[in-house]
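2 protein chains.
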Amino acid sequence: MQQALQNMKVIDLTQVLAGPYCTMVLGDLGADVIKVEKYPHGDDSRIMGPYVEEESYSYMMANRNKRGIRLNIKEEAGLGILLDLVKTADVFIENFRPGVTKKLGIDYETLRQLNPGLIYCSISGYGQTGPYSQKGGYDIMAQGLSGLMSMTGEKNGRPVKNGIAIHDIAAGMTAIYSILAAYIHKLSTGEGQYIDLSLVDSGLAWTVWESAAYFGAGEVSRANGSAHRVTAPYQGFPTKNGHILVGAGNQKLWEKFCRDVIEREELIHDPRFLTNSERQANLEELEQVIQDVLIQEDSQHWLTKLDEAGVPSSPIYSYDEALNDPHIRSRDMVIEYDHPLGGRIESLGFPAKMSKTPGQVKRPAPLLGQHTKEVLAELQYSEEKIRALEENKII
Amino acid sequence: MQQALQNMKVIDLTQVLAGPYCTMVLGDLGADVIKVEKYPHGDDSRIMGPYVEEESYSYMMANRNKRGIRLNIKEEAGLGILLDLVKTADVFIENFRPGVTKKLGIDYETLRQLNPGLIYCSISGYGQTGPYSQKGGYDIMAQGLSGLMSMTGEKNGRPVKNGIAIHDIAAGMTAIYSILAAYIHKLSTGEGQYIDLSLVDSGLAWTVWESAAYFGAGEVSRANGSAHRVTAPYQGFPTKNGHILVGAGNQKLWEKFCRDVIEREELIHDPRFLTNSERQANLEELEQVIQDVLIQEDSQHWLTKLDEAGVPSSPIYSYDEALNDPHIRSRDMVIEYDHPLGGRIESLGFPAKMSKTPGQVKRPAPLLGQHTKEVLAELQYSEEKIRALEENKII
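Protein sequence lines, in the order shown, are assigned to chains S and L.
Count the first sequence with numbering that gives the first Met the number 0 and you get residues 0 to 394, in order.
Count the second sequence with numbering that gives the first Met the number 0 and you get residues 0 to 394, in order.
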């Protein structure tokens with residue numbers, strides 16, 4: 000079956016999560032991704048557990064559909080190999096701290112001379128410019144700086160982080176779409192370009208409703224447990240055996256919820272809860288009234304009644320419950336494939352179900368240096384030369 | 000200046016956040032996005048405050064760079080207009096509940112007959128298939144079902160939601176890249192295709208590290224305040240006047256932190272904190288020891304010392320602090336442009352800084368029906384016909 004990016008070649012010098020997530024998705028969609036890992040130990044995520052036969056599962060989950068080579072680019076011979084590769088590529092992506100590529104001789108100005116059509120994407124914590132550009136920036140720093148942490152947690156509680164490395168993912172996702180847009184430009188003009196993106200900016204760009212509240216009314220969004228910013232009741236509640244979500248997002252749903260779910264029709268006429276504004280203003284009382292009812296029965300009891308009443312609801316799953324839910328399984332969000340060390344391994348599936356060019360697993364994540372010889376052979380390096388590079392600790 | 004998607008035409012029947020975020024980014028990158036709003040009141044987000052001159056700021060923030068028409072597609076004449084538009088488009092995107100497009104006569108099978116090159120993207124809460132496909136699914140339901148909420152919050156506390164509508168954004172971001180990939184396929188083959196994606200799947204696909212822990216070791220990630228899953232200390236701490244983040248992500252940084260920041264060199268040799276494993280195992284004690292020191296001085300005092308020592312750190316900003324930070328401003332993450340009712344308004348900037356085809360604001364979000372006549376004129380509708388459509392409450 001055809002894949003959308005089957006003519007795209009990517010040279011990937013990124014590691015850990017943001018960049019590798021980007022290039023994994025490009026690989027899922029058909030790109031030839033050559034992951035260049037540093038000599039001697041490779042991607043830093045290789046030391047993140049858990050392990051199977053000494054291979055990192057964390058590495059495996061973020062690096063399928065790539066070929067891997069190991070390369071010492073601090074040596075001239077290694078740098079030369081990288082430059083040879085760049086000449087053959089559409090996309091180059093790196094996540095060194097700003098300024099490092101210049102020292103290594105692989106900055107955009109240098110590489111565009113070799114390949115004017117190159118799309119060169121830099122991912123960093125804070126971006127290539129601005130007063131913090133030289134700071135070391137990781138996901139949680141970005142969560143702190145963007146305001147995201149301050150909006151997450153219990154009301155008046157400590158700031159807590161988002162359950163996943165959300166700014167890493169944000170940068171990876173932003174890299175995907177900007178690289179694809181640049182590739183579309185290249186397809187019609189032959190021109191490459193430089194893309195500078197940061198963890199901080201990428202996550203901040205997602206605060207759409209929060210920016211509306213601030214720019215429009217000077218209102219600062221703050222953590223509020225699981226409650227919605229403007230609609231009530233629209234949040235999690237404890238039950239006898241867990242937590243569920245109730246989304247009575249408008250007046251009609253609120254009335255259905257009172258009448259058909261918790262069977263407290265009098266609440267509809269309760270002056271504290273007459274309209275959404277009043278329910279918001281008296282949120283703590285509202286929470287207590289609803290909680291007192293829901294706590295008396297199991298989650299499943301309420302989820303069934305909510306479904307019957309047509310009130311949006313959901314279990315609040317632990318992560319293992321999520322991955323084993325029949326709906327999520329039916330959507331192929333858990334897939335299996337073979338790994339040379341891991342055997343039959345499980346992995347997350349493809350979120351976009353594309354009818355003509357679906358995501359595919361063509362290969363598992365590479366072992367360190369697994370494709371070095373194969374890739375060098377494609378560059379017409381002789382076996383003898385490859386042997387010498389090995390002996391000189393270049394590959 | 001050229002834009003990457005300047006030849007792409009998008010017909011957008013989505014509303015609220017996931018779809019509009021996608022089409023806003025396509026518009027930022029140059030696509031001609033025609034937002035088709037339902038008759039008579041338009042996008043549901045138009046009733047979300049705050050307001051400026053009765054125009055919703057929330058709507059404005061998610062809909063720049065689109066032209067807007069109002070259309071009653073439940074009437075044959077209105078449907079006809081939509082079908083005429085579809086014939087001219089590259090992309091069609093909708094977020095009705097699964098099955099509704101078929102009833103409306105605008106499902107993929109129907110539209111592909113008119114335009115075989117059409118890329119048709121459906122966004123829904125749970126996807127077009129599977130046991131929950133017919134349920135109403137909003138962002139928070141997806142956060143509950145995917146396990147994301149259970150991984151967010153205080154250790155052993157209530158699940159809390161992510162600060163932003165993260166699954167809505169996830170679906171929007173996934174829509175962007177899958178539409179661009181499908182467009183790349185179309186550019187080389189002329190073929191369109193169908194894309195089915197859901198809020199749940201799109202966010203779940205981001206749980207990379209968590210899936211590694213689960214698939215690799217059966218370990219279920221759970222909420223843990225602001226603390227890192229495997230590295231310590233790597234989290235938020237209270238200071239005299241706020242909270243800061245400290246990311247002593249490896250042994251060297253931990254030792255620097257003890258020696259140069261909190262000046263407690265003896266902690267390096269404390270048997271409870273010798274290695275990362277021991278620091279993780281004794282996390283509560285570690286937190287207490289560090290907190291007791293940090294609480295004695297202001298955030299700025301510690302941030303300066305952390306910077307000097309080269310230990311990654313960050314303030315934990317409230318959202319207004321974030322938007323007014325000099326670095327974030329220097330990255331043009333807050334931009335200004337004119338809106339016919341709002342005057343000079345502020346908005347979030349473009350996270351990807353593309354050198355050749357940068358994001359641009361060419362127009363503010365449309366007023367309801369602002370471009371109806373302009374778009375119909377492009378379809379060669381006469382003024383007379385347009386007047387009749389108005390009288391018949393079609394537009």
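Treat the hints as calculated values from the structure; they're not laboratory data.
Keep in mind that a hint or two might mislead.
One copy or two, it doesn't matter: identical chains are merged, so the pair holds either way.
To be verified - In silico DSSO-like pairs for lysine-lysine, Cα to Cα no more than 30 Å straight-line:
(1) Lys372 / Lys239
(2) Lys251 / Lys154
(3) Lys355 / Lys392
(4) Lys355 / Lys8
(5) Lys304 / Lys73
(6) Lys102 / Lys251
(7) Lys384 / Lys101
(8) Lys392 / Lys154
(9) Lys239 / Lys154
(10) Lys102 / Lys255
(11) Lys304 / Lys372
(12) Lys73 / Lys154
(13) Lys101 / Lys154
(14) Lys251 / Lys361
(15) Lys8 / Lys392
(16) Lys102 / Lys239
None of the values given here were measured: they were computed from a predicted structure.
Violated constraints from the hint list, given by number and in increasing order: 1, 3, 5, 8, 11, 12, 13, 14 and 16
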